[in-house]
Amino acid sequence: MFSILGFCQWLQDTSIGTQIRESTLVFPVLEGSHLLGLALMIAPTMMYDLRLVGLLWTTDPVTKVKWQFLPITFTGFFFMISTGVLLFWSEPIKCYNSLYFRIKVIFLIIAGLNALIFHSTIDRTASQWDTAIPTPTRARIAGICSLITWTMVIFAGRYTAYNL
Amino acid sequence: MSFSSLLPWTIPFFRWCDQTWLCNAIKGTTWVFPLTETIHILALVVLLGSIMLLDFRLLGIGIRNWTPWRIANELRRYILWALIVILVTGWLLFMAEPMKAYDNMAFLPKMAFLFSAILFHYTIFRKASSIDKFYTPVAAKFAALISLFLWFGIGVMGRAIGFV
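Here the protein sequences come in this chain order: S and B. In this text, residue positions in the first sequence follow the working numbering: the first is 1, and each later residue adds one. In this text, residue positions in the second sequence follow the working numbering: the first is 1, and each later residue adds one.
The reader is advised that the hints may include incorrect statements.
Lysine-lysine pairs mimicking DSS-like chemistry, simulated, CA-CA at most 25 Å apart [said to hold, decoys possible]:
hint, chain 1, residue 1, chain 2, residue 2
1, B, 133, S, 64
2, B, 141, B, 127
3, B, 133, S, 66
4, B, 27, B, 100
In case anyone wonders, no lab produced these hints; they're calculated from the structure.
Could you build all of it, start to finish, from the sequences and the hints given here?
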């Protein structure tokens, strides 16, 4: 029968997982790159969120701000996900048992759902409120939600590494 | 390269730090250090991410609808606040184990990178990022590369502190 723990155990025993775990250099370099990808992704995300909230870039249309930053966000996101997968691969059992990793996954899901809901609803009509100040309540909520959830993801992510 | 091997005459300062009330207070708790380090990382993400946006713009990658001056202007407050938070939390992290920092081979290079980066950022880089044209000259691109090198240097050395 399939279980998450069983999957984690299997993943932990694969040769890639073992090699990353036992390497003295690969793990810290991956962790550093993970953080770099995070910085590359979070800064433009924050810029767009702050535009949605109405605090930054307010003299420019929302859609313009979006397309200025989205390519960089995607680059950082890809970088962060690929290093994140490898980091998880190297110690799935530790992640499975970690309360903070579970919190991190929950906030990642919330962040993803928030983006999905925002882009498939209110963002579709963005051309109608492109320059409106204040921005629509739902756009502001999405921006604040994104800022909070990503902060929590970073928090929980750092705490996962402490073995608390 | 550590303070102990290169600048051994600085030891009275580290010893003094080691005996302060603050140092003992941080050492006496288990939660202050991880919390401080996590806030340090959050500030790092904002600081490094924002500076990377500016560096990439100067290099001609992304955000081409705005001039470097415009971006620098919008980001200035966030960079300054992130820098203040990172310096305060960094100081607290240092005060948690000054003697370890004295002997650590990555701590001295990190401090060297830190002071160079701040100095560079508020002098030459400030001038480079005040260009209010869409086309950036070679000198400004060069300044962006130096900026990336210095800020990445801090990150790499910071990561290395825990491993050497």
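Here's how the hints hold up against the structure:
| no. | hint | in the structure |
| --- | --- | --- |
| 1 | B/133 x S/64 | holds (19 Å) |
| 2 | B/141 x B/127 | holds (12 Å) |
| 3 | B/133 x S/66 | holds (21 Å) |
| 4 | B/27 x B/100 | holds (13 Å) |
The structure meets every hint from the earlier list without exception.
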